[in-house]
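Peer 1: Listed here are the chains, written in short residue letters.
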Amino acid sequence: MMPEIVALLADLEAAGYIAEPSTATALYLARATQKPLLVEGDAGVGKTELAKVLAQLCGTELIRLQCYEGLDVQTALYEWDYPRQMLRLRIADGRGEDATALEARLFSREYLLERPLLRAITHRGGPAVLLIDEIDRADDGFEAFLLELLSDFQVTIPELGTIKAEHPPYVLLTSNRTRELGDALRRRCLYLYLDHPTFEREVRIIRARCPDAGGRLPEQIARFMQSLRARTLVKPPGVAETLDFTRALRLLRQDSLDADVVSQTLGCLLKDRCDLEAFSPADVAALVASSREAPS
Amino acid sequence: MIGGTPASRPLQRGVTGELAPALARFGGTLRASGIGATVRDEIDAIQALKLIDRDDRDEVRTALRIALKIPREAWAAYDRLFSSFWTGADLVEPPELPPPPAPQERRDQPRLLSWDPVRRRLSEPDEDAERPGGTREGTRPAASPQALLRRKAFDASAWTAQEMAAMERLLARLAHRLATCRSRRWVPAVGSPAGGRLDPRRSYRRAVATGGEMLRFARRERAVDEPRLVFLCDTSGSMDAHARFLLMFVLALRRAARRAELFAFNTELVDLGRDVVPGKIRLTLDRIAARVPDWSGGTRLGESLAAFASRHLPRLGGRRTIVVVLSDGLDRGDPAVLAAAVRRIRARVRRLVWLNPLLGDPRYEPVARGMAAALPFIDCFAPAHNLESLERLLPQLVV
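These protein sequences, in sequence, are chains A and B.
Taking our numbering, the leading residue of the first sequence gets 690, the next gets one more, and so forth.
Taking our numbering, the leading residue of the second sequence gets -15, the next gets one more, and so forth.
Just so you know, these hints were derived from the structure itself, not from any lab.
Every residue, glycine too, gets a C-beta built ideally from N, C-alpha and C.
Treat the hints with caution; some may be incorrect.
Among chain A residues calculated to face chain B with C-beta under 7 Å, some are [as the list claims (entries may be wrong)]:
no. : residue
1   : THR714
2   : GLY759
3   : ARG876
4   : TYR880
5   : TYR882
Please model the complete structure; the sequences and the hints are all you need to start from.
Peer 2: Next comes the structure, spelled out in structure tokens:
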């Protein structure tokens, strides 16, 4: 393995993100080739968290653009501050200022509202981390617009001219696959698919994130989660759910899995009525019992 | 991975000049197995390989997977192909590079290319337009399923001109009503509507013409967003008499509703979205007949709907999706599979409509095991045996 990847893996772990080697490889390649990284995976496997940790490691700002249906260029890129411009105009009117100077002033950066995408491009002092979250929720028109921005990292504002990024940001896009992304966008990125963690990794995640869960609890929870995910569920629980569950058990002062307590806190893990109905108390008890057994 | 011969490990020669042919070959192998990898991806892959430790098998495998953008579903196939690539197995038997699935698709491409403007002008755009292309290639069997369908679709005066016109009128009305659904997106309002939201950007621009005074405010309103219609059409033997009628209806509908998807199923599910040529119903029927295997064969209703739910539903499902199943519900499979699939579909869409031609018969009761299992999850269970029944269906397609 490349020493850079090993180092990155260790850094991620030190920052509390227990990653697979493939995750570190993807981050390393995306940074080295200056390409956006498209991260896909089930809900709660740590896609957004990855961007946060990356920003923390780079010691830079995380600029986040949450996508939603109806997201437009004015909320994503830039907008002129019209009310302020109008006020300035009225003031100038009373004073009788020079028109040319006033015009230049009104359409300067001072009156430009920078939205996340422009902010990521104009970021000073090193590249920022730009997280474009849940890109699948934006409509395809926005996706096409993004395509242009992500390839050149420059924006043309008619009144100001073209602004080019001094330091192209590290871009992470996440998608929950509620909609198939366009091929053009996918091809422009590197692609990382985050799977649910393996047993060993999940134990380490629980230990890293919930240090007060001591003894055998992390192993038991991880084993319980693995057997839960082995079932066919409408919404398989992710790492986020595991951590919620662990915290809930700690709040209830539990040191090991108990069938009754698990039944009562199952809502931390299964967030679909059909999934909850599929587990009878006897089912849960059997799963808990097998999770409590020490590995042979 | 120590001590292999260079020939068996194509990646380890370390120079770009020799990585390129190796990767081009690997890309070709991937494409031949149905995993899309473009030249651009291969360039990304070369860049990635230059950055990593090329002696580490797992690292090369991961890096190529990332750079070639292999989707999760294709990982198993990718891993298999990568193993033979790594060991150089694909070097030993180059003649086997294009495996069997590819020719089927390739055969269709020249047909599409032959659609140049000149030929379209020379021949009328009806069923004869495609015939020379088909015979010239000589690849299709003489008694092709498309010939079969053509006969079926137009014998016994199944569609008179009057009926066709009636359907067109019907669908035009539907199109009009589909266009009343609003999305969350804001677009500039045309004219001066009372509602909506003020649009400062455009208001200020207008004010320029009146010396900076805002006399007319510009507004924005919600964009019009049609619901997405997804049709799943049963083409098994028991549906034979009805399938062509329903397909015609769906194809005509595609002219009215832009966002309509079409799938056919009997023993397996086929996505027909790309075979539909707007405005050319006969040509489309021909293409569809060629694409659907085992036309008039048996049904595996449950498995087909389950395949739809897992493969296409994540992409097509949503608040504005209406799924219409055209089937008689006669299923050979396990009703539990069907019930589970129908439940999954219902959970992800706005409305689930089931059109059953048998329902047109007043004596019919939905007692077929499959139909009975699916019934609890269906919003609208309606007959579809003639135009009149379809007319009554239209309000169900507007949300």
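Peer 1: State for each hint whether it applies.
Peer 2: Structure-based check of each hint:
no., hint, in the structure
1, THR714, "holds (5 Å)"
2, GLY759, "holds (4 Å)"
3, ARG876, "holds (6 Å)"
4, TYR880, "holds (4 Å)"
5, TYR882, "holds (5 Å)"
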